[in-house]
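Chains as they are written, first to last, in our numbering: chain A, 1 to 660; chain B, 661 to 957; chain C, 958 to 1209.
It is possible that part of the hints are untrue.
If we take Cβ atoms under 10 Å as the criterion, some of the chain A residues that face chain C in the derived model are [stated by the list, open to error]:
| no. | residue |
| --- | --- |
| 1 | S53 |
| 2 | D68 |
| 3 | L144 |
| 4 | A160 |
| 5 | L176 |
| 6 | T239 |
| 7 | E392 |
| 8 | F470 |
| 9 | V519 |
| 10 | D520 |
| 11 | G565 |
No lab work stands behind these hints, which were simulated from the structure alone.
Just so you know, even glycine gets a beta-carbon here, dropped at the ideal spot from N, CA and C.
Okay, here's what each chain looks like letter by letter:
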Amino acid sequence: MAKQINSRIPEGPVAEKWTNYKAHQRLVNPKNKLKLDVIVVGTGLAGASAAASLGEMGFNVLNFCIQDSPRRAHSIAAQGGINAAKNYQNDGDSVYRLFYDTVKGGDYRAREANVYRLAEVSNNIIDQCVAQGVPFAREYGGTLANRSFGGAQVSRTFYAKGQTGQQLLLGAYSALSAQVQAGKVKLYTRYEMLDVVMIDGRARGIIAKNLVTGKLERFSANAVVIATGGYGNTYFLSTNAMGCNVTAAMSCYRKGAYFANPCYVQIHPTCIPVHGDKQSKLTLMSESLRNDGRIWVPKKIEDAKALQAGTKQGWEIPEEDRDYYLERRYPAFGNLVPRDVASRAAKERCDKGFGVNNTGLAVFLDFSESINRLGLDVIMQRYGNLFEMYEEITDVFPGDMANEINGVKYYKPMMIFPAIHYTMGGIWVDYELQTSIPGLFAIGECNFSDHGANRLGASALMQGLADGYFVLPYTIQNYLADQAIWPRISTDHEEFAKVEKATEERIQKLLNIKGKRSVDSIHKELGHICWEYIGMGRTKEGLETGIKKIDELRKEFETNLFIPGGRDGLNVELDKAIHLDDFITMGKLIAYDALSRNESCGGHFREEYQTEEGEAKRDDKNYFYVGCWEYQGSDDKAPELIKEPLEYEAIKVQTRNYKN
Amino acid sequence: MWLCNSSIGKKVIMSVTGLALILFLTFHGCMNVVALFSKEAYNTICELLGANWYAVAATVALGALCALHFVYAFILTFQNRRARGSNRYAVTDKPEKVEWASQNMLVLGIIVLLGLLLHLYNFWYNMMFAELMGWEVTPAPADGFGYIQQTFSCWVYVVIYVIWLLAIWFHLTHGFWSAIQTLGWSGHIWFKRWRIIGITYVTIVMLMFLAVPVMFFTKTAPSLCCAQQTEQCCGMEQHECEKACADAACTDEACACDPCTCDSCDGNCKLEGQCECGEACPCEGPCTCQDKKDSEG
Amino acid sequence: MAKNISFKIRYWKQNGPKDKGHFDEREMKDIPDDTSFLEMLDILNEQLVEEGKEPFVFDHDCREGICGMCSLYVNGTPHGKTERGATTCQLYMRRFKDGETITVEPWRSAGFPVIKDCMVDRGAFDKIIQAGGYTTVRTGAPQDANAILIPKQDADEAMDCASCIGCGACVAACKNGSAMLFVSSKVSQLALLPQGRPEAAKRAKAMVAKMDELGFGNCTNTRACEAVCPKNETIANIARLNREFIKAKLAD
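Excised from the complex, chain A in its bound form (with noise of 0.2 Å):
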């Protein structure tokens, strides 16, 4: 019998479900919650403002940051803007054609109720984050400005430069920082999270490691929230951090919490390409490009040939010879279609060799037409500090003219290619975004609630924010509402003492392989394998093969590994060696999600299920559901999914189009 999952969506219509939830939630008083404590592991968009807003509210928190400041999160790299249904520019947005744009987007594999939810609370975030001072982008009346973005119609993205992640990072920070001040929240910078203590089956706090001393701590709560952020450095090279891990993740799944959709992985489609081997990262360059860059190849195979030789170069082919090939295939949408499908894209023309660069892995963004349309100093004022970024990497400004053929000037064009960039899978949530462990809660880039096999550009701010401002400080309460009258538990309760050492032992095995390969080393490898065999196009045979693979490299991971240095004070390759263990099981986990559904969605492309056109076919009747993964015990044991059908009642299910 399998296992059901109740993912406790309240009664009503879709667009009154948030409404009476609201409306009908447990709370808790204001005298019980000076009674309870939060841990919040994360700082980021949903991290910060959970804290903050727990904290406002009267709890006591206690919030977690690996870096040495809050602020340092990973959300502060997004650079596009976020969505809110405003509907500002009076080109006909509502809540209602949002909820539809990120379901739509998600390729019909998001949860409705949730959806909506975040359409709904979406004006609220930009109404919060405007009083804290976000100084997003106005026209010149003193209203704020809107840009569009991949995979909607009208323009409901708020910007603030190309730094809008960073601005309502600060933002959330900010707050947060006042409720430090106001002694509500405690913050611990430079803390790991290793795992989580569960105490009569609900989570009851966290082992943490102070990675300064290296030192492992105990931190008891009623509720943990982690908002760590998604598993893009399994692939060792993606747009993350390199300082983003799964870790917390991991050990959440470990002790039972559902891991939903590992195989949703997004590719961003304008990321600079691979240059070598010693390449720690890749950069993403805004998806806003995309607004007045037009994406070419070559349409002569010769041409192709010729640039990846290093004879030709992309200024000297004329017009009719490129091939602007998401214009030519999605008319409706262009250069602006979601980004799986313009990755995928991508990925079609190079696979057919008219890849662009020395690799033969790129493609061109061209700002020839902009250029000449608007002139130059109207696309610097847009994109001035994204030319200036790129160049300082590639040695070549887009913004330079570089030859004039019958009289049409064209400029030196990007070169661009997809890279992992985010994960839409994570920890499972119900609609009140607990997991299914009672008392641990999973927000933002972490869960993996609200879009589906894909996301839309500057969704990712918005649910961040959603989550931790606006969804979460309430629904925690209702878990909340019954706790305040057990007194709080001690770090000494003998639970404590077993999770603490667990994590040592686990550490101090790490520490006594005494192998030969250093982390990254092996990282890399993982990075390989799971690129080529769990990457943008998938197959069975690929991905049983992709298993196997990471097999074996557990295998050289848990007897070849080096880490200098011993187990006292900072010791940064063995934090990189805990991560890199927790990556290879979700290497695995990963591909056991991608082997397991077969037909193509969104960011998970079977080659196995695509049409003629070599679009993504979906199997709606098949694999209509959540599939939730849970751990087994052990890292070698596969794990069992579990489904959580979807069920839709305002939207009907349709094959995505962007072509008309």
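Let chain A serve as the given structure and place chains B and C on it in line with the hints.
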């Protein structure tokens, strides 16, 4: 009190005292310029600013300003060194934007202070202070002009003063806009303006100061010119004397000198250096052109 | 096309804040010049680990110039020398010459004690923000975002001030170890926006007081900070902070 406790408060004191001192320098410089043109006018000012109550009060206030400026400079520098920490960089590369003066304000300030002590000794000690004390000094306390002549006849003093003034110039090229900046009257655009205004203004003031030692030492100050020329005139024929005066752009009037008195010959000079009676002139002072004209007339 | 360069690297090793510290040296051979500076350090560390030695420790995270984590003093300049200003992670080896000696030091300032090697503790910046770098607003339902009209010019200027990434290069470059550029950028951002005005006086006073308390030095307007700021914050912010502070104090 925020002026003593906060970093910005302390710097406000530096700024306000600094700007007040720049204002003082402006007045001082203007007065100095008077000495270039007229001994009498200059000495009139000296007399005015002698041991009068208002001058003494102003001097005390000025001294307090200087003291505040110096004391706070040392307090701030001490704090800054502590904030810098005990480890120093092995390699430093000064960005082009950073003015040399801005990083060496204390050193410049100390040079300025040493120069100031010398300057006080050279002038103020003999003038206002002596007068207050009732000391007998030569030249007389109100004869500022005499002290200028005396001091800047010696090249060592001139060199020291030139170095001193240069240090003040450097100090002020940064100090001027920095003071404005600290008081918050600056921004993207005004920063550039203040810097240009500051450098121009300070250069003008310092040139006024520089003129005195240089022109007195080289004896090119117009106020000196006449006295000097008339001295020469005493041995000349009249037309030669007139020519010399004209060359030096002296006015006739300025060429006047004290009448020569010859007791033995009833006060009548025949020629320069010679009394009408034909005897050698016993007067020590030179005869003047005017004198000669009178006698001839 | 990338070419390879070889050079000597001198990097600072220090075991904790009390340790005296010293330079280690190493010859780096044939590093492609399209490698980023931090990737070059990754290579260095890979070599060290292969030899069984402890790696060189430095802070880094996003590697795209926005998180503000990286903090290396390269050849006498915070973050190394680039034309427009960039963080260490955005520094590429093509900026260096073949055969050069590259010296890498930590931020040196009493406000930023060394944790290990070139990793320093910048917790003081958090404390300054906690003292008042925010607008007091409850999560919930503030007025509609468009109810506050902000002239584009003001919004843009506030955005420029808000670009600060809190890396601490300003303190590292300042001969006085002053944090004025950091503090003034936050104060300016909020002072320029109507949302920040109600608390402007309180904020300026509280943040300056905290900055002083934490032992940062006094600004002497040398402009070294703005010369090295990777986000091009300017001392116009410092002037604004001075203005806000003096105004607040005079109104007391």
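Does the interface hint hold: is G565(A) within less than 10 Å of chain C, judged Cβ to Cβ?
5 Å, holds
Double-check S53(A) for me: the hint is only fine if its C-beta lies closer than 10 Å to a C-beta in chain C.
4 Å, holds
Given hint F470(A) near chain C, where the shortest CB pair must fall under 10 Å:
7 Å, holds
With chain C as the partner, please determine if V519(A) meets the hint condition of a C-beta pair closer than 10 Å.
At 8 Å from the nearest chain C Cβ, V519(A) passes the 10 Å test, so the hint holds.
The hint names L176(A) as touching chain C; please verify it with the least Cβ-Cβ distance against 10 Å.
Holds, because the Cβ-Cβ distance from L176(A) to chain C comes to roughly 9 Å (cut-off 10 Å).
Hint validity - L144(A) Cβ closer than 10 Å to any chain C Cβ
Check passed: Cβ of L144(A) comes within 6 Å of chain C, closer than 10 Å.
Take the shortest C-beta to C-beta distance between E392(A) and chain C; is it under 10 Å?
5 Å, holds
Interface hint for T239(A), Cβ within 10 Å of any Cβ on chain C:
OK, holds: T239(A) within 10 Å of chain C, min 8 Å.
Minimum Cβ distance from A160(A) to chain C below 10 Å?
Since chain C brings a Cβ to about 6 Å from A160(A), closer than 10 Å, the hint holds.
Would the stated hint for D68(A) survive a check requiring a Cβ distance to chain C of less than 10 Å?
6 Å, holds
Go through the hint on D520(A) and say holds or violated, using the shortest Cβ distance to chain C against 10 Å.
6 Å, holds
Of the hints listed earlier, there is not a single one the structure fails to meet.
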